[in-house]
Amino acid sequence: MAAAGALAAAAIGLVALVLGLGGVAGSAWTVVVDWLVPLGGLELTLDPLAGLFLVLVGGVALPASFYAAGSAERSARGALAYPVFVASMCVVPLAANTMTFVIAWELMSLASYFLVLHEPEERASVRAAWVYAVMTHAGLACLLAGMLLMGAWTGSLRFADWRAAAPGLGAGARGVVFVLLAAGFAGKAGVIPLHVWLPLAHPAAPSHVSALMSGVMIKLGVYGLLRAGLDWLGAGPAWWGVAVLLAGTVSSVIGVLYALVDNDLKKLLAFSSIENVGIILIGVGAGMLYHGAGLEGLALLALAAALYHTLNHATFKALLFLGAGAVVHATGTRNMEAMGGLIKRMPWTAACFLVGSAAIAALPPLNGFVSEWLTFVALLQNTRIAQPMLNLVFALGVAGLALTSGLAMACFVKAFGITFLALPRGDAAARAHEAPPAMRAAMVALAVVCVALGLGATLVVPALVTVAGALTGDRAPVAVGDWLTLGVSGGFATLSTLAIAVALGAALALPLIALRLAGAARGQRRYETWGCGRMLQTPRMECTATAFADPFRRVFGFFYRPEKRLDITFHPGARYFVQRIEYANPTRSIFDDWLYRPALDALRSVAHRARAIQSGSANVYLAYIFAALLLLLALA
Amino acid sequence: MIATLLIALGQVLVAGAGAPLLVGVVRTLKARLAGRRGPSPWQPYADLRKLLGKKPVVSTTTSWVFRATPYVLVATMLVTALVVPILVARPALGFAGNIILLMYLFMLGTFFLALAGLDSGSAFGGMGSSREVVVAALAEPTIILAVFAVALRAETINLGGVVERLAREPLLAANPAHLLAFVAFFIVMLAETGRLPVDNPATHLELTMIHEAMVLEYSGRYLALVEWASAMRLFVFMTLLANLFFPWGVTSLPEPLPILLGLLALAGKLAVLAAALAVLETVVAKLRLFRVPELLAGSFALALLSVTAVFLVP
Amino acid sequence: MRRQLRIALRTGIVTEPPPGRSDVERLGARLAGEIQRRFGRSLAIRQVDAGSCNGCELEIAGLTGPHYDLERFGLSFVASPRHADCLLVTGPVTRNMAEALRRTWEATPDPKLVIAVGDCGRDGGIFRGSYAVVGGADAVVPVDAVVPGCPPSPAAILAALLDVIGRRR
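Protein chains in written order, with this note's numbering: chain V, 1 to 636; chain P, 1 to 314; chain F, 1 to 169.
Mixed in with the good hints there might be a few duds.
Claimed, not checked - Think about it this way: if two alpha-carbon atoms lie no more than 20 Å apart in a straight line, the pair counts; the simulated DMTMM-like pairs of lysine to aspartate or glutamate are: (1) V:K344 <-> V:D231; (2) P:K55 <-> F:E34; (3) P:K55 <-> V:E434.
Said to hold, decoys possible - Calculated Cβ distances over 10 Å to all of chain F for the following chain V residues: (4) G332; (5) E337; (6) T383; (7) L484; (8) A514; (9) E528; (10) W530; (11) C532; (12) G533; (13) M535; (14) T544; (15) R565; (16) I625.
To be verified - Part of the chain F face toward chain P, derived, beta carbon under 7 Å: (17) R10; (18) A32; (19) G33; (20) Q36; (21) A79; (22) P109.
Simulated from the structure, these hints should not be mistaken for lab results.
Where is the CB? At the ideal position from N, CA and C, for every residue including glycine.
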């Protein structure tokens, strides 16, 4: 039953992939079914941007569905929700009017709600699903408000009509609509400070669903931001781009800072998704600013960088979540402190996870490196906009992006190193088994795509520049080099991942040959790790995840505000001997403390006061009805 | 075509063969300043040769990542030797990358070395890995901003382009931004190559180690490769400092005489930098680990100042 | 900072000339030629304290100072036995350190040397026969050379090291 659902989703994914590739290549079509949806009918339009996001949905849904078919995490409740989830994600980019969009969006949220709640007996799971439902519906409220306002002011609920009517609207009106739409889409994308649902929902869901949520669903929030910022409302004033760029910078730095100190493998990956959405938004913001300043070549470059990172993140985040799922399935826990040594028991999973980690850490010549490089190159040319305030914003973006990429590398050294290397830290890890063939195949396929997207950058970037051009309406061709080298902005910067990959391969072989020729001693002897002569080595002597992140906790202490707790139980006989030490160093989330808790408290107190209206007396209720009647008569 | 290949080979040879000599020279100078005769500058070669003849002992807790890391380190360094302008302004792989590529190639080496430190399963290795990635992560923004400052003047971030532009118009470098960027980059070099005051390369106390702690488990040919890669890292960083900020002497022509003169000029600049490093390491003590972020924040401030100086001083 | 540099430049090099022949006792039948070929120009030494009174350690520590400066001969001290070619064992091997010494020896890659320093290292020295002592270093690991003395002076240790690796002065 669940396998049927997975296969249906895989079929939908395949169709989406094919249609999407067609869309990117330039085919465009429209489907209108008037009677299917109230208030406007079902209207689907394919254009290059929609095509790209369809490719995204299909490209991740296929391996995720194979994984689901082979995994034991599926339950009966996910059987229907999963294909509905995938199908609704396919409809969102294609939607051409408000009702189609909102219905598909809501279906997507509801389906994923049921998928997140796949363990209803667990309190944590219930809470995660609840927070997710509240945040996504708050976002939906903002979206509806913005879209309906736009519909009221332009007289139509179709996006094509908005595109035509936008120049006629006042700047204030467009600003209000943009803020509402951006709030809704940013909440879905997981931008700080609307991110609280992400680290709860993504770990709670089964891994193939997490892969889809992290890889594709949050990108639909980015899709919405792209449409709202560049398409439906026309080109906006500079403050839109500044807001997006700064939100992206803040999101990326804070996301990776939270990922660094987390010991739950899937929560770490969820925070890392927040970080990468931040990087994408840095590119989007830069693109919006360049577009507003009239520098079309740079705008296309920045948007292409953002779209590339969208593609890349979908690939390697899906790979990482599938790998994490295999690990969680094999060890029965998500806690990294209980893992270790899995590389010897799960070699395929480890190798795929290593490729994913290297890709997300932006190491050459993989795909993450190319998109971050493009983002840097786009940002570094900001002096063409001769406004010092904007230059400062760009400089902040550059510094933030550099800090983020360094911290992301540290984060994934921790994720891969603690989980897979050295000795197992618990019995469960010591007994782990390799993932079944279907899961392995899905991971290997995604790893191959990561490498291909990196080496094939010279083919991907021109396609993305075309897609970005279709979005901004600029059809001028931007030269991006030849088959071997990416060359941008007339000699400002060049890159050739293919040449680097070949050089790295040759340079890997060179020492091997040279050592053989130099007659170096062959073979090796195996012995225990050097421990200063101590008698035995146990896993308790290894570096723990908490210890690995400790320098970061100290350096960024002003942000984490850690609360160190140290409980020492002394031997009852003598205080010199220690029986047990318990050390915990949890970090507090400043958003929970300063934003959400006060807001919820305020809401609660207002609701409490409002209870006074419900007095329970029928006479008072009759008086309310009479007063309302008088008011309506007066207004009419 | 042949000339490009020969120059590429030359750059790899100069970087690969010259790196141990650079490390040896710094060591000898430090010894002389301490009143000792010190080892010969050619000592690192003897050390490497001896290490090749030893049969490595590999820990039973490690995996293939541990054994592959020395090769990855050497590979990344050899590729950087093909991208950095050592003999000519635009070497064989100069088209393939720029300073951002270099930054990430160094990160590739750090990534694998940190994993190898964790792989040994010892407390020292994990501690070294965690400290190393903190330092590497905090040094990133400074590198990018320092390069931004230089690139703004030269209007390209391609290394060969910057070198050629500055060599053609030396007055572009007569700018406080240039000096500030140089100092910021120098501090980052100390952090990335593990020299004092960030990390003491000659320490024997494991609790004070950052880079050394990760290589405690390596022996034989693996240790030789790791030490060689480490020497090449210092060489490449110093060459960047020498040839990017003071590019006079670096030729664009693939002809033997200018290349030889360029090599001599590079040797001179490296000698000055090596002496400066030796003096610095003699008079400065190692910083406490949690003072290092303050040092790196200071270098970030310098880099930010250099960027603003580019705008303020035309 | 300037004061330090001034003192350094004013004091100059204070290294003494290398010591003459040593009275090292060679045990075992290792080929001297092979040792010289391998370690003649570079020897990494790991010092192991197997229960010593630290008298020998103080003398060995003097070797790294400016007067004796063992680095000029290509000798150096290393932190990890994985990096070492030669173990410099001091002290009579106490029962508590016997296993640690053996593990250190096993952790050192081949080919390796073991040099016992001091009378304690030779046969237990003044602690010979004690209940807490296993014997000289050769009771636990195969020893290639012994430097007699209680404690031997840094010059004697240096001379012994140079003779063992066959380094010409």
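Given as non-interface: T544 of chain V, which should sit over 10 Å from chain F by C-beta: holds, 22 Å
10 Å cut-off, C-beta based - E528 of chain V kept clear of every residue in chain F: violated, 8 Å
Interface hint status, G33 of chain F versus chain P (Cβ within 7 Å): violated, 14 Å
Hint check, Q36 of chain F versus chain P [nearest Cβ-Cβ separation less than 7 Å]: Cβ of Q36 of chain F sits 12 Å from chain P, so the hint is violated.
Hinted contact P109 of chain F with chain P - closest CB pair below 7 Å: holds, 4 Å
Cut-off 7 Å, beta-carbon criterion: hint that R10 of chain F touches chain P: For R10 of chain F, the interface hint is violated, since the closest Cβ of chain P sits about 10 Å away, which is over 7 Å.
Beyond 10 Å from each Cβ of chain F, as asserted for G332 of chain V: Correct as stated: the minimum Cβ-Cβ distance to chain F is 35 Å, above 10 Å.
Pair hint K344 of chain V and D231 of chain V, alpha-carbon separation not exceeding 20 Å: violated, 51 Å
Beyond 10 Å from each Cβ of chain F, as asserted for M535 of chain V: violated, 7 Å
T383 of chain V non-interfacial with respect to chain F [C-beta, more than 10 Å]: The claim stands: T383 of chain V keeps its Cβ more than 10 Å from every Cβ of chain F (closest is about 39 Å).
Separation of I625 of chain V from chain F, once the least beta-carbon distance is taken, above 10 Å: Given a closest Cβ separation of 87 Å, the condition holds.
W530 of chain V and chain F, when compared Cβ to Cβ, separated by more than 10 Å: violated, 5 Å
Checked against the numbered hints listed earlier, the structure breaks hints 1, 3, 9, 10, 11, 12, 13, 17, 18, 19, 20; every other hint is satisfied.
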